[in-house]
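Chain by chain, the residues run as shown.
4 protein chains.
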Amino acid sequence: MAHLFEVQIYYEDTDFSGVVYHANYLRFFERAREHVLGAGELVRMWREEQKGFVVYKATQQFKEGAVFGDIVEIHSVARLESEYRVVFDQKAIRKSDGRLLVDASIEMVCIDGQRTPVRVPLTEKLRAMMAP
Amino acid sequence: MAHLFEVQIYYEDTDFSGVVYHANYLRFFERAREHVLGAGELVRMWREEQKGFVVYKATQQFKEGAVFGDIVEIHSVARLESEYRVVFDQKAIRKSDGRLLVDASIEMVCIDGQRTPVRVPLTEKLRAMMAP
Amino acid sequence: MAHLFEVQIYYEDTDFSGVVYHANYLRFFERAREHVLGAGELVRMWREEQKGFVVYKATQQFKEGAVFGDIVEIHSVARLESEYRVVFDQKAIRKSDGRLLVDASIEMVCIDGQRTPVRVPLTEKLRAMMAP
Amino acid sequence: MAHLFEVQIYYEDTDFSGVVYHANYLRFFERAREHVLGAGELVRMWREEQKGFVVYKATQQFKEGAVFGDIVEIHSVARLESEYRVVFDQKAIRKSDGRLLVDASIEMVCIDGQRTPVRVPLTEKLRAMMAP
Chain A
9 MAHLFEVQIY YEDTDFSGVV YHANYLRFFE RAREHVLGAG ELVRMWREEQ
59 KGFVVYKATQ QFKEGAVFGD IVEIHSVARL ESEYRVVFDQ KAIRKSDGRL
109 LVDASIEMVC IDGQRTPVRV PLTEKLRAMM AP
Chain B
9 MAHLFEVQIY YEDTDFSGVV YHANYLRFFE RAREHVLGAG ELVRMWREEQ
59 KGFVVYKATQ QFKEGAVFGD IVEIHSVARL ESEYRVVFDQ KAIRKSDGRL
109 LVDASIEMVC IDGQRTPVRV PLTEKLRAMM AP
Chain C
9 MAHLFEVQIY YEDTDFSGVV YHANYLRFFE RAREHVLGAG ELVRMWREEQ
59 KGFVVYKATQ QFKEGAVFGD IVEIHSVARL ESEYRVVFDQ KAIRKSDGRL
109 LVDASIEMVC IDGQRTPVRV PLTEKLRAMM AP
Chain D
9 MAHLFEVQIY YEDTDFSGVV YHANYLRFFE RAREHVLGAG ELVRMWREEQ
59 KGFVVYKATQ QFKEGAVFGD IVEIHSVARL ESEYRVVFDQ KAIRKSDGRL
109 LVDASIEMVC IDGQRTPVRV PLTEKLRAMM AP
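Chains as they are written, first to last, in our numbering: chain A, 9 to 140; chain B, 9 to 140; chain C, 9 to 140; chain D, 9 to 140.
Keep in mind that the hints are not guaranteed to be accurate.
For chains that are exact copies, the list does not tell them apart, and a pair is met inside one copy or across any two.
[What the hints assert, rightly or not] Calculated cross-link-like contacts (lysine-lysine; reagent style DSS-like; alpha-carbon spacing at most 25 Å): (1) Lys59 x Lys133; (2) Lys99 x Lys65; (3) Lys71 x Lys59; (4) Lys133 x Lys99; (5) Lys133 x Lys65; (6) Lys71 x Lys103.
I should point out that these hints are in silico values taken from the structure, not numbers from a laboratory.
Please put together the full structure from these sequences, using the hints given.
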């Protein structure tokens with residue numbers, strides 16, 4: 009089941025063309041993933057184990073632009089590609105009309121303090137949102 | 009009575025020193041003001057009357073830094089300095105311990121399409137939060 | 009021949025993990041493309057013809073992270089996929105040691121004021137950097 | 009003598025009102041200060057001594073907005089207020105017509121790893137730009 013997270017579009021998110029600056033969707037997708045994984049757990053992993061998730065590959069298709077005042081829903085689904093790699097399929101959808109704005113696939117790895125890949129920690133929250 | 013708005017601190021908000029990058033508090037303060045004024049009303053003003061609020065002067069004192077995972081409360085109070093100028097006194101306060109992080113005063117004017125100052129529109133939301 | 013553009017990494021570009029926040033590379037790639045196309049020409053297109061380039065698809069592989077103080081070279085090569093689509097292959101390379109940091113492919117379309125795709129304008133600068 | 013640093017305005021710097029988003033000038037001012045102080049020296053201070061400069065107070069007056077394609081000159085002058093505090097008077101000026109866009113005063117302190125204020129290190133570059 010997809011994890012749902014809402015982003016409100018502020019002045020700061022737009023550019024002079026009138027729509028959201030394209031790089032900002034990567035921020036929205038990351039905010040959603042931080043809620044999926046839990047900021048508290050991410051902080052604990054970082055402080056106690058010096059481990060963190062990093063984006064390894066990102067693919068995005070930009071269909072339509074959100075504008076100031078829009079509420080954008082980030083729908084996230086995670087799947088484990090291997091013990092070392094988790095892929096988030098994430099969609100940005102305008103809440104008012106259900107239009108798909110950006111369709112993304114974000115591959116993540118987990119690294120330690122020496123930036124060496126480690127096994128993806130299957131936290132409870134992460135396991136809960138994965139297909140069986 | 010102060011308007012209250014919560015900001016969660018994400019990776020994107022921090023810099024390598026470990027705390028929130030100082031320029032980002034201006035973003036948080038603006039997000040709060042957009043909620044005070046109402047995004048819908050701001051959009052209507054812009055589309056129908058080509059009017060918008062702009063920051064004329066900003067003063068900020070940085071006391072402490074928020075970190076990843078913090079919830080920061082933005083407390084906002086507005087006062088009309090003249091028919092053409094509204095001042096927002098805004099504080100960023102860490103929710104978990106009530107510590108004052110940033111103390112700010114933001115003076116705003118309202119301009120039209122030619123960037124000429126116009127009277128500050130006293131919307132219902134704005135009036136409601138001002139002292140009598 | 010690749011177009012070369014240098015980006016210096018500032019505090020604002022990093023996050024608390026110590027390296028450049030991943031979404032910022034899309035900004036660096038766009039800065040480089042704006043130099044390829046020429047800001048003056050982009051402004052003229054926007055003002056006189058209401059035309060602008062927008063990113064349709066972005067694929068990025070993140071290999072290594074740049075840190076504060078690094079100089080990152082953006083190498084850009086363009087190719088016309090069709091009359092309506094231009095693809096920029098862009099690499100972010102650390103100047104000091106020549107390491108590849110991010111490998112990207114950015115597909116762009118050109119749209120008019122109604123956000124309808126129009127033919128990619130083959131400006132002199134764009135033509136100059138394309139393979140024959 | 010003022011230190012001079014040029015910033016080109018890209019898409020990412022603007023918002024849908026057509027001009028540079030106000031919070032971004034703090035970024036431009038910081039980029040200029042990093043050149044004043046020297047990124048190499050800042051990195052060395054951070055790594056070897058766990059010391060860094062942080063903004064304690066920022067005051068900005070916004071006069072006019074820069075637009076996409078503008079070159080903005082950041083003029084910086086530093087003065088030592090005390091052994092613990094250095095103030096940068098910084099102006100953002102549009103290169104093409106010399107108009108003052110933003111007038112700022114940025115007070116900085118230097119802190120160690122425990123975020124305790126330490127004496128401002130009078131680097132050669134910093135001393136060179138100060139009035140006698």
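Violated hints, by number in ascending order, as checked against the structure: none
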